[in-house]
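S.K.: Chains as they are written, first to last, in this note's numbering: chain S, 1 to 255; chain A, 1 to 331.
Hints should not be assumed to be uniformly reliable.
[Stated by the list, open to error] Label pairs and their computed distance ranges (CB to CB):
# : chain 1 : residue 1 : chain 2 : residue 2 : range
1 : S       : N146      : A       : F318      : 21 to 27 Å
2 : S       : D66       : A       : P293      : 33 to 39 Å
3 : A       : W214      : S       : W137      : 42 to 48 Å
4 : S       : N118      : A       : L28       : 32 to 38 Å
5 : S       : D180      : A       : R308      : 35 to 41 Å
6 : S       : N146      : A       : V280      : 51 to 57 Å
7 : S       : H77       : A       : I12       : 46 to 52 Å
No lab work stands behind these hints: they were computed from the structure. All C-beta atoms in this analysis are idealised placements derived from N, C-alpha and C, irrespective of residue type, glycine included.
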Amino acid sequence: MEALRVDSLSKDFGGVHALSSVSFSVGTGQRLVVIGPNGAGKTTLFNVINGQLSPTSGRVFFFEQDITNMPTHQRAHLGQARSFQIVSLFLNLTVLDNALIALHGTKPSRFQMFWPMNGYRNLMDEARKNLDAAMLWEKRDEIVKNLSHGEQRRLEIALSLAQNPKLLLLDEPSSGLTRDESSEVIGLIKNLGSKITVLIVDHDMNLVFGVADRIIVLHYGQVIADGTPEVIRDDPRVREIYMGMEECIDHVGVG
Amino acid sequence: MAARGSPLQDLITRFLPWIGAGVVLGILPALLPSYMQSIWTKFLIFAIFATSFDLIYGHAGLLSLGHAAFFGAGGYAVGVLMLHTGITSFWVGLPLGILVAVAIAVLFGFISLRVSGMYFLLVTFALAQLLYSVAWNWLWINSPGMQGIAGIPLPDLGIPSLEWNTIYFYYFVLIFFCICFYLVYRIMNSPFGYALRGIRESEIRMQALGYNTWLYKFIIFVVTGAFAGLAGVLFAYFNRLISPVYLGVGTSFLPMCMVIIGGSGTRIGPVIGAMVIIFVEYFSSLFTPERWPLILGGAFVVAIMYARGGIVIYLSRFWKQIGYRHGSIEG
């Protein structure tokens with residue numbers, strides 16, 4: 001079944017065509033990685049899929065439902081979750097508060113104004129599971145701005161997972177991480193169940209080839225290659241664009 | 001870190017500040033001369049006003065420069081009611097004042113929450129000034145021959161034998177202060193309160209998590225309008241006079257000062273801030289009344305430059321040090 005389908009999606013910023021006529025679909029449970037040089041339109045694509053931007057033309061379908069003009073928060077209720085390229089956490093709150101806010105987000109209790117947030121026993125259990133998976137439960141009382149960059153990245157992912165999403169959009173989950181931290185993130189992504197469809201934008205070739213079932217290459221807002229990691233590795237156009245990255249691609253095993 | 005020590009000591013460090021506050025607010029004013037009781041009453045009214053401002057500024061991160069619109073509207077509702085119908089019953093005045101403030105907050109919220117940041121500040125400022133000029137020019141809501149409504153009597157509670165005096169009125173205001181303080185405390189710790197702080201920290205993330213952030217900002221704008229309206233109602237009874245000044249930017253500036261000086265986003269910061277401003281205003285009025293704006297402005301600048309977190313930060317540090325010294329808090 002199709003989790004997501006984008007249909008000739010275009011987005012112009014003034015005269016700049018950030019996306020031009022991008023079409024693809026993602027099956028349920030697939031791990032699709034979008035790569036491309038800086039400015040290729042990857043983050044714009046995410047913003048259109050998640051509703052931070054509306055497209056100039058084209059449509060977005062989520063499990064057959066047209067969501068092109070739906071606001072972001074409603075997409076979250078349908079089962080979309082995303083992490084951000086620039087860390088977007090609640091920096092002055094504790095790790096546990098961050099997780100609890102994320103858990104309340106798709107529940108009716110989010111509008112409740114009288115009883116304390118941490119009094120919901122079942123959500124507290126969920127928060128514990130959620131933070132355990134990201135190896136952050138021990139740090140639950142830390143203020144988020146005091147965490148290391150790697151821990152903040154893991155919390156980014158943990159917050160998106162707290163929504164129990166059907167589609168997870170990860171925007172550069174490994175940016176700014178050391179090799180070790182990056183492999184922790186890869187481990188986290190690999191452990192996601194097969195019910196979750198994952199769309200990832202990243203530059204780290206270890207991560208790209210480590211988790212991808214399929215890779216889409218964006219260049220100047222257009223899809224120039226779409227296929228399995230093996231196909232993408234050998235695609236001459238991709239090699240041409242990624243001249244600097246050629247060696248990287250050669251040096252990582254397909255896994 | 002975890003509090004160890006004996007349970008009794010633990011109880012003392014946790015509750016002593018509250019007991020102290022209870023004694024100061026509940027008993028001390030009764031021992032003071034009546035003109036000082038008035039100052040304490042004014043302080044509590046402004047503490048409600050500042051607390052309401054902190055909900056929207058300290059928690060939701062929205063800097064409004066039109067908060068007096070709701071305060072003045074509550075006051076004007078009571079005044080106009082008295083002026084045109086002669087009704088002085090508190091049980092009519094209070095709901096009417098809050099209702100008018102809420103209605104204005106709904107209208108202003110729809111307009112001002114379309115923009116954010118500096119533009120939000122400017123739009124709220126402009127809307128409140130609009131209301132100020134309406135109050136200045138619309139004769140129907142002014143006592144004959146003046147700008148404003150004079151001679152507002154103390155509220156009629158419907159208790160036959162009750163004779164108001166300053167200390168009764170003080171306790172009357174204290175009840176409302178306690179209710180507001182408690183409600184704000186509950187809101188702060190609820191999922192809704194955390195959502196507000198989430199919006200302050202990262203609105204885009206809140207949307208991605210499923211929160212309709214516009215609706216949250218709108219609701220809190222209206223809720224703070226209701227609290228400010230209540231403060232305005234009490235102030236009209238207290239002051240016996242309501243005038244366009246209480247809708248204008250000078251009055252909007254006061255809760256902002258109080259919250260920043262006291263400490264924004266904290267429970268007692270706005271209360272401490274209100275206390276400092278109202279008492280300093282009183283003492284400056286004794287010695288050099290014409291220099292009060294200078295003192296207020298100076299205090300504001302000093303607070304912004306040297307005490308960003310507000311007085312509360314220093315108080316809580318001081319209190320923790322006492323805790324260390326007595327070994328009841330460790331680590």
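S.K.: Hint by hint, note whether the structure agrees.
M.R.: Structure-based check of each hint:
1. Between S:N146 and A:F318 the beta carbons are some 23 Å apart, a value that agrees with the proposed interval 21 to 27 Å.
2. In this structure the hint that S:D66 and A:P293 lie 33 to 39 Å apart at CB is violated, the actual value being about 58 Å.
3. For A:W214 and S:W137, the Cβ-Cβ distance of about 33 Å falls outside the hinted range of 42 to 48 Å, so the restraint is violated.
4. For S:N118 and A:L28, the hinted distance range of 32 to 38 Å is satisfied, since their beta carbons lie about 35 Å from each other.
5. Checked against the given bound of 35 to 41 Å, the beta carbons of S:D180 and A:R308, roughly 37 Å apart, stay inside it.
6. In this structure, S:N146 and A:V280 break the distance hint of 51 to 57 Å, their C-beta atoms being roughly 36 Å apart.
7. Between S:H77 and A:I12 the CB atoms are about 47 Å apart, so this pair conforms to the stated range of 46 to 52 Å.
Violation of the numbered hints given earlier is confined to hints 2, 3, 6; the remaining hints are satisfied by the structure.
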